[in-house]
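So the protein sequences, as listed, match chains A and B.
If you're matching positions, the first sequence starts at 843 in this note's numbering and goes up one per residue.
If you're matching positions, the second sequence starts at 447 in this note's numbering and goes up one per residue.
Hints are not guaranteed to be accurate.
With the Cβ distance kept under 8 Å, some of the chain A side facing chain B (calculated, not the full set) [said to hold, decoys possible]:
1. SER866
2. ILE914
3. GLU915
4. PRO926
5. LEU931
6. LEU943
7. ARG990
8. ALA1014
Honestly, the hints are just simulated from the structure, not real lab data.
A virtual CB, placed ideally from N, CA and C, is assigned to each residue, including glycine.
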Amino acid sequence: MSALLSVTDAHVAYGKVEAVRSVSLEVGQNEIVTIVGANGAGKTTLLSAIMGILPLKGRVAFAGQDLARLDIEDRVAIGLGLVPEHRELFVTMNVEDNLELGAFRIEKSRAKSSIERVYTLFPRLKERRKQLAGTLSGGEQQMLAMGRALMGEPKLLMLDEPSLGLAPIIVADIFRIVTELRASGVSVLLVEQNAQAALKIADHAYVMELGEFVLSGKASDIAANERVAASYLGFQHEGASVL
Amino acid sequence: MNTTILLFLIQDGITNGAIYALLGLALVLVFAVTRVILIPQGEFVTYGALTYASLASGQMPGTAKLALAMGIVAFVFDLFAGRKALHGRLILRTFLANIVLPGIVLAVTLYFAGQKPPVAISMALSLVIVALIGVSLYRIVFQPLAHTSVLVLLIASVGVHLALQGLGLLFFGAEGQRGPAVLSTAFTLGALRFTGQSITVYGITIAFIVGLWLFFGFTRYGKALRATAVNRLGARLAGIRTSLSGQIAFLLASVIGALSGILIVPITTLYYDSGFLIGLKGFVAAIIGGLVSYPLTAIAALFVGIVEAFSSFYASNYKEVIVFMLLIPVLLLRSLAAPAVEEEKD
């Protein structure tokens, strides 16, 4: 079976500076794939380019379809979702409106049941459904951003640093939900600085350095890799995981 | 000054202020959604007013032809933009919207032009014609520039204003026109006389404000428009096309402009270039509202109308000066209250 998302020889540049060089990756059905790497490695840039926010040289195919001619909105419509690092919520609108707008391209009747699913996944959002998005805590905003993206019924959800700046207990919650998503048939492409947590739930992993993938493989193998352990997992020798 | 004059001036101010409120709301809406400072809003006013007046006096308005011409250009733009992924449905949809619809409107206008149609038909036709121009204007000028800075959009906006004003001279000539009143009854209440026209102005303004409130608060497209205004990238990630939001914003702005024109033209003689000053007064209100607040804009507009009425009574030569001077303390206060911004970030 072919991959859900396949990126082949992708280059992304800001003017003359190439932030992503010759990157290829695949995400299969029902798979969590993570890209780990230091700040500034080009992870966010890569996700933005896959979504169509930045121009990309190379080939990106999603569900067998070449994405080159599709705008961001069209990519959303065929089942690609992105939860960006800055969340990009509608801060002056309430939680419910934010969620409903996430289903802008979905039939109204289906959106009704989607919103219930999102509330089951994030009960906190249901409690706050009349509250303005801008007044939510960081963790709740992250949940809302994920919920809004899920309202669009994505086949693949790309998450950019979902744990950034959140309390450990909320981070654990968000990672638990990511695994639940996989169980419900949504593939996830996860970009994380918290490599430890990401590698623990992922099936497959890529390590990115200075715009290139330097390593890829099964997440458990990557986690066991000495170099990765030294650079990203915060200890010198491979061995027992801290988590 | 006696109470009668005072009341009369306030009444006059509120009638004008209601119009400025409509225009101010449209400006805030368009700016919030597209970042365009809509200087040609005044042209929507004159086009609406003079199209209506021309039809009512049995003349053929050139704006109907302009709507079709702009539709053809928009059609070509759509084909060019979609050239890599053209398919039948897209071509048919843009053909129907940009060529067939203005074509039908032109045919209907030609049919009615010679025979002095009833007020309702002139009004409806004028609104549709200006709405078509407004939507095509966005497609032709502002959609291709949507990614540029506010300054570029402003310069384009000035250009559009000058072009439309020039076309206005071509279509309607240098003579001023007046149109028939929408409602010709009148009644007196104490010392005040209410004409049907001023009642229409109040009624339509209130109806439009309530309508806009319902639209933005409760409908899918209204919420999508607000979402685009709050966070453009967020809206795109939710699958909302910014071009769609832009088209709706321009549609509303052009309908509001044309409607304002139709409401004023029975009261005041309008010339091809009168719209600019009227639009600017709506702009004063929008600035007082910080280009973001709808309620503040509406209240400021009433204030602008009343200040205008009083200054035209006491110092009619300086009436425009006084109205536009309102901007100076407002901008001063706002600049003191706002943190220093180095350069706009997009």
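For each hint, the structure was consulted:
no. : hint    : verdict
1   : SER866  : violated (24 Å)
2   : ILE914  : holds (4 Å)
3   : GLU915  : holds (5 Å)
4   : PRO926  : holds (7 Å)
5   : LEU931  : holds (6 Å)
6   : LEU943  : holds (5 Å)
7   : ARG990  : holds (6 Å)
8   : ALA1014 : violated (26 Å)
Consistency with the previously given hints fails for numbers 1, 8, ordered from lowest to highest.
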